[in-house]
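**Student:** Residues per chain are reported as follows:
There are 2 protein chains.
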Amino acid sequence: MPVFEKNEFKNRLKRIKEKMDEEGIEVLLATHPANMNYVSGYDGWSFYVHQGVLIFIDRDQPVWFGREQDSNGAKITTWLNDENIIGYPDDYVQSLIKHPMDFMSDILKDLGYESSNIGVEMDNYYFTPRALNSIKENLPEAIIKDANRLIPLVRQIKSNQELKYMKMASRIVEKTMQTAIDVIDEGVREGDAAGKVYQAQISGTKEFSGDYTAIAPIMPSAERTTTAHLTWTDRKYQKGDVVLLELAGSKYKYHAPLSRTLYIGDPPEDLSDIAKVVVEGLNKTLDFIKPGVTCEEVEQKWRKSISGSKVVKESRVGYSYGLNYPPDWGEHTASLRPGDKTILKPGMTFHFMPGIWLDEFGFENSEPFYVTEKGCETFVDFPRKLFTK
Amino acid sequence: MPVFEKNEFKNRLKRIKEKMDEEGIEVLLATHPANMNYVSGYDGWSFYVHQGVLIFIDRDQPVWFGREQDSNGAKITTWLNDENIIGYPDDYVQSLIKHPMDFMSDILKDLGYESSNIGVEMDNYYFTPRALNSIKENLPEAIIKDANRLIPLVRQIKSNQELKYMKMASRIVEKTMQTAIDVIDEGVREGDAAGKVYQAQISGTKEFSGDYTAIAPIMPSAERTTTAHLTWTDRKYQKGDVVLLELAGSKYKYHAPLSRTLYIGDPPEDLSDIAKVVVEGLNKTLDFIKPGVTCEEVEQKWRKSISGSKVVKESRVGYSYGLNYPPDWGEHTASLRPGDKTILKPGMTFHFMPGIWLDEFGFENSEPFYVTEKGCETFVDFPRKLFTK
Numbered sequence: 000m001p002v003f004e005k006n007e008f009k010n011r012l013k014r015i016k017e018k019m020d021e022e023g024i025e026v027l028l029a030t031h032p033a034n035m036n037y038v039s040g041y042d043g044w045s046f047y048v049h050q051g052v053l054i055f056i057d058r059d060q061p062v063w064f065g066r067e068q069d070s071n072g073a074k075i076t077t078w079l080n081d082e083n084i085i086g087y088p089d090d091y092v093q094s095l096i097k098h099p100m101d102f103m104s105d106i107l108k109d110l111g112y113e114s115s116n117i118g119v120e121m122d123n124y125y126f127t128p129r130a131l132n133s134i135k136e137n138l139p140e141a142i143i144k145d146a147n148r149l150i151p152l153v154r155q156i157k158s159n160q161e162l163k164y165m166k167m168a169s170r171i172v173e174k175t176m177q178t179a180i181d182v183i184d185e186g187v188r189e190g191d192a193a194g195k196v197y198q199a200q201i202s203g204t205k206e207f208s209g210d211y212t213a214i215a216p217i218m219p220s221a222e223r224t225t226t227a228h229l230t231w232t233d234r235k236y237q238k239g240d241v242v243l244l245e246l247a248g249s250k251y252k253y254h255a256p257l258s259r260t261l262y263i264g265d266p267p268e269d270l271s272d273i274a275k276v277v278v279e280g281l282n283k284t285l286d287f288i289k290p291g292v293t294c295e296e297v298e299q300k301w302r303k304s305i306s307g308s309k310v311v312k313e314s315r316v317g318y319s320y321g322l323n324y325p326p327d328w329g330e331h332t333a334s335l336r337p338g339d340k341t342i343l344k345p346g347m348t349f350h351f352m353p354g355i356w357l358d359e360f361g362f363e364n365s366e367p368f369y370v371t372e373k374g375c376e377t378f379v380d381f382p383r384k385l386f387t388k
Numbered sequence: 000m001p002v003f004e005k006n007e008f009k010n011r012l013k014r015i016k017e018k019m020d021e022e023g024i025e026v027l028l029a030t031h032p033a034n035m036n037y038v039s040g041y042d043g044w045s046f047y048v049h050q051g052v053l054i055f056i057d058r059d060q061p062v063w064f065g066r067e068q069d070s071n072g073a074k075i076t077t078w079l080n081d082e083n084i085i086g087y088p089d090d091y092v093q094s095l096i097k098h099p100m101d102f103m104s105d106i107l108k109d110l111g112y113e114s115s116n117i118g119v120e121m122d123n124y125y126f127t128p129r130a131l132n133s134i135k136e137n138l139p140e141a142i143i144k145d146a147n148r149l150i151p152l153v154r155q156i157k158s159n160q161e162l163k164y165m166k167m168a169s170r171i172v173e174k175t176m177q178t179a180i181d182v183i184d185e186g187v188r189e190g191d192a193a194g195k196v197y198q199a200q201i202s203g204t205k206e207f208s209g210d211y212t213a214i215a216p217i218m219p220s221a222e223r224t225t226t227a228h229l230t231w232t233d234r235k236y237q238k239g240d241v242v243l244l245e246l247a248g249s250k251y252k253y254h255a256p257l258s259r260t261l262y263i264g265d266p267p268e269d270l271s272d273i274a275k276v277v278v279e280g281l282n283k284t285l286d287f288i289k290p291g292v293t294c295e296e297v298e299q300k301w302r303k304s305i306s307g308s309k310v311v312k313e314s315r316v317g318y319s320y321g322l323n324y325p326p327d328w329g330e331h332t333a334s335l336r337p338g339d340k341t342i343l344k345p346g347m348t349f350h351f352m353p354g355i356w357l358d359e360f361g362f363e364n365s366e367p368f369y370v371t372e373k374g375c376e377t378f379v380d381f382p383r384k385l386f387t388k
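Which chain is which? The protein sequence lines are A and B, in order. For the first sequence, numbering that gives the first Met the number 0 begins at 0 and goes up steadily by one. For the second sequence, numbering that gives the first Met the number 0 begins at 0 and goes up steadily by one.
Honestly, the hints are just simulated from the structure, not real lab data. Hints are supplied without guarantee of correctness; some may be wrong.
The list makes no distinction among identical chains, and a pair is therefore deemed to hold if it is satisfied within one copy or across any two copies.
List of simulated lysine to aspartate or glutamate pairs, EDC-like, C-alpha gap at most 16 Å [stated by the list, open to error]:
{"hint": "1", "residue 1": "Lys312", "residue 2": "Asp90"}
{"hint": "2", "residue 1": "Lys309", "residue 2": "Glu359"}
{"hint": "3", "residue 1": "Lys135", "residue 2": "Asp101"}
Generate the whole structure from the sequences, applying the supplied hints.
**Tutor:** So, in structure tokens, the structure goes:
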């Protein structure tokens, strides 16, 4: 039932264990649902309770632990043997007197790892200070190390099978973006347009349907386009609206994010000018990207491409992305910004996202791409321009 | 632009400050997006970066801090004066050398709270061990206290305006559930049914559209119904499928969750039997609920109602819910289970959810309800039964 061959999981584990060895980590606790999925295949919306996958430097298979009612989900979706799937009783859930990480510590004691070097994710939505305290109290002889980026750094480089799923997600986002541009018009209620966008995302194509995306469709209009993360309202679109569309497709939780901008009516000159500058800058930057250049060099190229124009962009212009769960499809490793010296390698995947949010309106035109042996390829085939209605 | 009157926010703050006073907390850092929204009105999908709202025992207005590109979103959606909205530069985002909580500590220093008693959320998706370490390092004279449940306990009791939004969400979930039951049938691809469910959720009713829900539609079929949190696939429904539907509506991020079960074909006798027992037990339990009884008494009533039947239910049968963001619409305060001595009060809202997941299939029939002066009222008008096709 997992969507990858066992061998692919074993190869991932091998690369993860190499890094564990380098960093002196004997047991790695993965609680981020994308990290859990990456090593085990586990795929369920159960990340709102504490759960995790334990990777041992000297054991063949990881151990999944989670809420008892989700353990059948682990049996269905992972490649792990049943004895490596361990459910905890329901009274651990949101209890004031016991914590699921107490249970996890018991697993480590049973297996003889109570005084090991344990890697945990110190800056991740799914690992809390109370979880950390539980481990420290239950395993006083363990040494806790920060391994927040260990698995994400391995996830950066995609296999062909992963790229295949990201391409499937790209077909979905093309359809989704076209749907948005088709349905948004003067007099249409924003929520009705959003409903059709969601349907396109999930129904997908004739060949395959889509999965839920790690970020909801971001589709503000008018004044709400002056900021980055607002969604729809009960308002009806009006002539003169700028509409930002940051949408995504997802297949097996592999993403394809894409941004475009729509103007209802004849766009003001300054918006058309910004669109032209951004798209030209984007094109020039994409031509420049190849293995061996660094993230900060990519940003520098972009900055040079738009210099002399009125466009000012203070925030990062992109980030690595791929397999993920709410609340973010970004991998939290490499960013296209000054100071990021990550060297681009074949198989890395980025969302190049030069979003502009001014005090009157915003403009977005992004491209997801993957690094190839000689340069880069964009995932999505969709016109790069300011759309008008 | 906030969806509540200023007075409602002030009343919430008053109740929160009373609790802060009781617990000796001078500054409360709310990072959970529902807690942030509850005190400030802030509503944006920016919770994938560190942000928060600071509540001061001796200041009138809270302070919102977050990523600079989201500060216009705070100006648009909150009731706070502009000087209480503070954006941090983009290079704090996912940086290895600085942390947004360093910036937050600087705000506290500027305002003279560097040696205060500070309450933080110790077991919340949006507050990490690294965030806590940053505060400890930057404010060595501060005393850090766990205030994980402080705001959620205030959120438990809903105002009339909040109940109104939860009733709007209930109209949406009725339509959504009906859509699911209408479209699911032999030969239909699961993802296509899910697409229509999403559209119904978001398009809402003629009068108002819906918002994104804190949990994706949970709608497993066949073998996948033996566990609690799986979604759809590319598979086509077949005769003999059990389909679990745990769906929700959301308005202004106030939820209405609802579960029903659909069988394609003539249901096996044991499934029909379970359905009968569960619905009767649910009805009896709802009749019993009134202010003054405790959560564990509600669960006990349920347990007695099904005793003598074949139904076994090990996990909790419900939880308080309301305003929320991904990954959960539950409030993580009261649970309907043994040991929970929370006394029911008017205005509390629960999802009564006696989900049954056996080794061959599952059955779900839930009801969201609110406690009234004399008993309880269910939010949703939808037949309680096993649906068949």
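**Student:** Does each hint fit the structure? Answer for all of them.
**Tutor:** Structure-based check of all given hints:
Proximity of Lys312 and Asp90 under a CA criterion of 16 Å is satisfied inter-copy only: 13 Å between copies versus 50 Å inside one chain copy. In this assembly of identical chains, Lys309 and Glu359 lie within 16 Å of each other by CA distance solely inside one copy; the values are 14 Å within and 63 Å between copies. In this assembly of identical chains, Lys135 and Asp101 lie within 16 Å of each other by CA distance solely inside one copy; the values are 10 Å within and 25 Å between copies.
The structure meets every hint from the earlier list without exception.
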